[in-house]
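Novice: We have chain A already, so just place chains B, C and D with the ligands on it with the hints.
Chains as they are written, first to last, in full-length UniProt numbering: chain A, 1 to 315; chain B, 1 to 315; chain C, 1 to 301; chain D, 1 to 301.
These are computed hints drawn from the structure, not numbers from a lab. Computed from a prediction, not measured in an experiment: that's the story for all the values here. For every residue, glycine included, the Cβ atom is placed at its ideal position computed from N, Cα and C. Any given hint might turn out to be false.
Stated by the list, open to error - Calculated from the model, a selection of chain A residues having no Cβ within reach of chain C, i.e. all distances over 12 Å:
1. Thr4
2. Lys17
3. Cys65
4. Asp92
5. Asn137
6. Gly185
7. Val189
8. Lys218
9. Glu236
10. Gln244
11. Asn283
12. Lys297
Stated by the list, open to error - Computed footprint of chain B on chain D; a stretch qualifies when at least three of its residues, placed anywhere within it, have a C-beta under 8 Å from a C-beta of chain B:
13. 99-110
14. 128-136
15. 144-158
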Amino acid sequence: MTTTIGKVESMRSVFGKKLAEITQSDSMVVTLDGDLGNSTRLATIEKEVPEAFYQMGIAEQNMICVAAGMASVGLQPWVCSFATFLTKRTYDQLVVSIDQTMANVKLCGAYSGLLTSNTGKTHHSLDDIGLMTMLPNMTVIAPGDANETRAAMEAMYNYNGPVYIRLTRAEDIPNFTTDQSFTIGQGKVLEEGTDVAIITTGSMTYQVIKAVKILKNKGLSLYVLHLPTLKPIDSEAIIKAAKQTNYVFTVEEHYIRGGLGSIVAELLSEEYPTTVIRIGVQNEYSECGKNESLLDKHGLTPEKISGRIISKVYN
Amino acid sequence: MTTTIGKVESMRSVFGKKLAEITQSDSMVVTLDGDLGNSTRLATIEKEVPEAFYQMGIAEQNMICVAAGMASVGLQPWVCSFATFLTKRTYDQLVVSIDQTMANVKLCGAYSGLLTSNTGKTHHSLDDIGLMTMLPNMTVIAPGDANETRAAMEAMYNYNGPVYIRLTRAEDIPNFTTDQSFTIGQGKVLEEGTDVAIITTGSMTYQVIKAVKILKNKGLSLYVLHLPTLKPIDSEAIIKAAKQTNYVFTVEEHYIRGGLGSIVAELLSEEYPTTVIRIGVQNEYSECGKNESLLDKHGLTPEKISGRIISKVYN
Amino acid sequence: MSKQLITIATEIRKGIVETVYRKQQGHLGGPLSVTDILTALYFHEMKVDPKNPGWEERDRFILSKGHSGIAQYVTLAKKGYFPEEELLTFDDLGTRLQAHPDMTKLPCLDFSTGSLGQGLSAGVGMAIAAKRLDKNFYTYVVIGDGESQEGQIWEAVNIAQKYNLDNLIGILDLNGLQQFGWTVSDEEQSEDKRVRRAPEQRALEKWQGFGWQTFEVDGHNFNQLLSALQSARTDKNGLPKMIIAHTVKGKGVSFMENQYEWHSKSPTNKEYEQAMDELNSILLSFKSKQRQNTSIEVKPS
Amino acid sequence: MSKQLITIATEIRKGIVETVYRKQQGHLGGPLSVTDILTALYFHEMKVDPKNPGWEERDRFILSKGHSGIAQYVTLAKKGYFPEEELLTFDDLGTRLQAHPDMTKLPCLDFSTGSLGQGLSAGVGMAIAAKRLDKNFYTYVVIGDGESQEGQIWEAVNIAQKYNLDNLIGILDLNGLQQFGWTVSDEEQSEDKRVRRAPEQRALEKWQGFGWQTFEVDGHNFNQLLSALQSARTDKNGLPKMIIAHTVKGKGVSFMENQYEWHSKSPTNKEYEQAMDELNSILLSFKSKQRQNTSIEVKPS
Ligand SMILES: Cc1ncc(C[n+]2csc(CCOP(=O)(O)OP(=O)(O)O)c2C)c(N)n1
Ligand SMILES: Cc1ncc(C[n+]2csc(CCOP(=O)(O)OP(=O)(O)O)c2C)c(N)n1
Ligand SMILES: [Mg+2]
Ligand SMILES: [Mg+2]
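Extracted from the complex, chain A is given alone in its bound form:
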């Protein structure tokens, strides 16, 4: 499969619309907002299905446990806030009230990664993959485009148990997936090649697709594996990617400590030791800045990604 690039759809607007649809069709679904509905687009539900919208104010800890209580009575709550507050502000609550009870709660982390609309380091979520994949009962999803977000949400709705979905605020990603359905735990091979495997997730897959164009021009044969599910991880697909190539690179809008690259390194170190280079945010805080500047600063533009790969392979 080679990727075909479709139209640009905003992930958050699709998120709002799809969730309004789900909420409309099932009265057991309710939504909880942490005073950010107009940013995250959870506001769509307040507008279209007001009785299913609960404003929980700026009190994330309570919001998480309220959702758990609702789930214990049979509702399916979808909780949405900025990823950084949804995860870091409530981690003990996520563990004890959601994950340990296996509550059927859907956690939606908007504005994940660096692209938080120029608000700086307090708002960046560069550890949520690490945080959420340490939870034994959690499913963790990071869709690559709006189309995949829609399909993943349908899968989340049909899955009984806690799920975290990591969404990006970036609005310049065209649809490159075409599947109407989403299988939790399944990776997608976007390119098959033999020199280098690039394993990506979420918002970075599109940057990698662009990097691949550059890399092909340099004569490299590339294998691209997109992992929209981070837990459960598609071990088979990762091992296959490693076996067919000489190097594995991972790319993510996350710290290189604890995230996708870490998961891949853990797995391959046990199953098929090979070189894994983790491209992502190093051990440092970021700051304010426009999307493009931040991605550039942290080596996450197509140019920087391809440059890093080339310098490793041809060094």
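Specialist: Chains B, C and D with the ligands only, in chain A's frame:
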């Protein structure tokens, strides 16, 4: 160096005594309790230096930011609670108020791991290495015995910046280290051998020392690297251990996702790909139980550790 | 056949002491403090059916101060949810009776707790769900006074008031102690011999300030407890309800009362015997009183 | 030479609008709401020295509602901490003027904020430290009404009272709006045209319930602000102080006032011009009034 086993000292009692000493000698040092001083032994300070003891009640989030505020005025606060509440309940505060400001605060996570005096899964701290090593400015220490705890605390006191120390409630660990001083970031080679490297930290190093006896009887030549500092990590020592042996095993009282094994796999995947088997708690919650039963259930007794290594090496 | 609530509560206290003594682990102070509250709820107030623990219309109960789980287990056993023998598995590897209530192990628990400060929020969720689903059940949540220092409690309080949750009834186990707390001055000590305390002196003002309807009762007086519970249930005025129950930590065993060390400590043989003697003599004295006056009776369920 | 506080505040408002307009990013409603409070603090109340920002005896200030950082930056620039031109680096990659106050970048900030609910706790830490080190400085913390929904605020409140922090002075920017908040009914709307709100109606009861000394003022009236600040500073009665300041979100620009969308929104050219016109006419009308009566003056620092 081969390990010599000294007398059993309780880590928490040494923690209380050493901190009382530091507090007595420096009026800029203060201590903050999360209503657990009689368990953690922070109570020693209330008894011996009452004016330097602040009871912050059952309100961990506030406690963390109070410490940050104190540090901004020049005090050196030592904050102590159970590891699980100190880290999970306050993660956003740790990021924003402590780590991003580089506050000179010392965080003491008592009762870490599984051995929480039979209180069960809400009290187990099996993710704190993952949580704390994702913080860019944090130093993370997990001493192996009481003697090392004492030395590490002196090093923490002299270091300017945020430090997390992970302590065990286990009271049956004899001193196997003898150094009077502690260098942050430095690993200790306890055994030099050529078949298998075992890399350990904190409470598990002593279990590994016992496992080594069993393994030697099976004719294996072992390299044992004890890492009392998890961040900054002693990369050189890890790479050296990997280079001298055929397999690397890591052992920790922590989830295998995100902890010491994960750090080692990340590093070696980039620098020197080799087989890394992570021994620790799998992707599951634990439960109530006596120390011995819990370690056994999770494969962390000397018998289970050595059994796992043997079955991998001789399979 | 009805049994006196005081008798039941005293038997529950005996079960608590017995279990912690036999297992040589667990908490005592908090469980003994909350026993009468649990008795009032399970043996009088709440609409529950031990034969059908999953009944959808049942009232919900959350022991937010989860370290007192043993008190709830003994209460549930006495109520017939499971055989009393199972109490002896308390805290063992593999038990359904975890140190802190775990709904995934013991299905008659409505929620899991253990990390303080979370249960009231879960109760808010249940109460909102009841309104959303047009169900008439009530949600009862017991919190500790030390636990009330957790900010999350006040987040929940705020939202409960905002959403007019008059189907949410909280009970504050106000025993003036937590695990370690603060030292007390000499004059404060003389009163009841306590050497430390949880300095909550403004509970009423706080809960009223946040817009809840409050009731203040002696948490060891069944008349007061039951009448507050009844008013709380019947006042459909849009206000969430908080029953502030003044209690004694370690209640019923003289040497444990108001002593912070008994938060979690296992009795020696001698202490165990003395505790059981004291509880037995409460039972005896109560039985003789019973002949003289009528007291509150257990509603047949 | 002293300048009128109202003039200063209006100039700060102009600087806020100017910066957000020019950079086309940032918050407006909250910054405009808190401007008079910042002016009162930096130009009258606080013991600070722009030439010596690290002065150990200085009063400390924390803008807990960190999303209003731009208001603090303009205030600091006007006070002389750094040249006003630096304001135009606001929000740029590499700037010292981060969207949310960052003490590691701009040394004249006493603390970093941005994640709501943490600043008051840091203030408690500073106030305790002052007592421990026998220093006479005061710690001032501004929090939002939406922010007060964070439970951590109430943890801090509790500990401040417990430790008798009468050197801690909070100011609540009670503007009745947060970022998104709750819808309002039709009749509520008519009053001030707001379509959503942060439904804090019990601020006084809450703060008093938790044992703080409270003052209630119009947060845009300097007479009231300064007299409350003075009482708060001088009442050494062991009680932490909370000044509840009734404010208008978007204050000073008619079409932003009480409109939740202006929480963070960048003005168009036309909006910018209208806003500046309105602020300029406040300046003008104030200058003519000034000739008639004397108003509060800035203390020479
Ligand atoms: C979040 C959290 N912090 C700390 C603890 C440890 N802890 C267990 S019980 C307790 C004291 C509780 O006091 P209180 O709520 O007054 O209960 P009671 O007096 O009824 O036992 C503490 C600090 C915990 N379980 N959860
Ligand atoms: C912990 C946290 N949750 C959410 C946010 C996002 N946020 C920024 S400002 C804001 C609204 C604040 O309202 P308020 O405190 O009333 O401030 P003001 O009205 O003065 O702007 C929200 C929800 C945040 N910064 N921190
Ligand atoms: Mg108590
Ligand atoms: Mg507001």
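Novice: In terms of Cβ atoms, is chain C entirely out of 12 Å range of Asp92(A)?
Specialist: Contrary to the label, Asp92(A) does not stay out of reach of chain C, its closest Cβ about 6 Å off (not over 12 Å).
Novice: Closer than 8 Å, Cβ to Cβ, for at least three residues: run that test on the segment 128-136 of chain D against chain B and report holds or violated.
Specialist: holds (count 6)
Novice: Is it the case that Gln244(A) keeps its Cβ farther than 12 Å from each residue Cβ in chain C?
Specialist: holds (41 Å)
Novice: For Lys297(A), which was marked as not at the interface, is the minimum beta-carbon distance to chain C over 12 Å?
Specialist: Non-interface label stands for Lys297(A): nearest chain C Cβ at 35 Å, farther than 12 Å.
Novice: Minimum Cβ separation between Gly185(A) and chain C greater than 12 Å?
Specialist: holds (22 Å)
Novice: Tell me whether the statement that chain B covers the segment 99-110 of chain D is true, taking a Cβ distance below 8 Å and needing three residues at minimum.
Specialist: holds (count 4)
Novice: Evaluate the condition: distance from the CB of Val189(A) to the nearest CB of chain C exceeds 12 Å.
Specialist: holds (37 Å)
Novice: Within the assertion that chain B covers the segment 144-158 of chain D, do at least three residues meet a Cβ-to-Cβ distance smaller than 8 Å?
Specialist: holds (count 5)
Novice: Please settle this one: Lys17(A) was flagged as non-interface, so is its CB more than 12 Å from every CB on chain C?
Specialist: It holds; Lys17(A) is separated from chain C by about 23 Å at its closest Cβ, greater than 12 Å.
Novice: Please verify that the nearest CB of chain C lies beyond 12 Å from Asn137(A)'s CB.
Specialist: At roughly 10 Å from the nearest Cβ of chain C, Asn137(A) sits no farther out than 12 Å, so the non-interface label is violated.
Novice: Per the stated criterion, does the least C-beta distance between Thr4(A) and chain C lie above 12 Å, as a non-interface residue requires?
Specialist: It holds; Thr4(A) is separated from chain C by about 43 Å at its closest Cβ, greater than 12 Å.
Novice: Since Cys65(A) was said not to touch the interface, does its Cβ keep a gap of more than 12 Å from each Cβ of chain C?
Specialist: The claim breaks: Cys65(A) does not keep its Cβ more than 12 Å from every Cβ of chain C (closest is about 3 Å).
In the structure shown, a violation is registered for the earlier hints numbered 3, 4 and 5, in ascending order.
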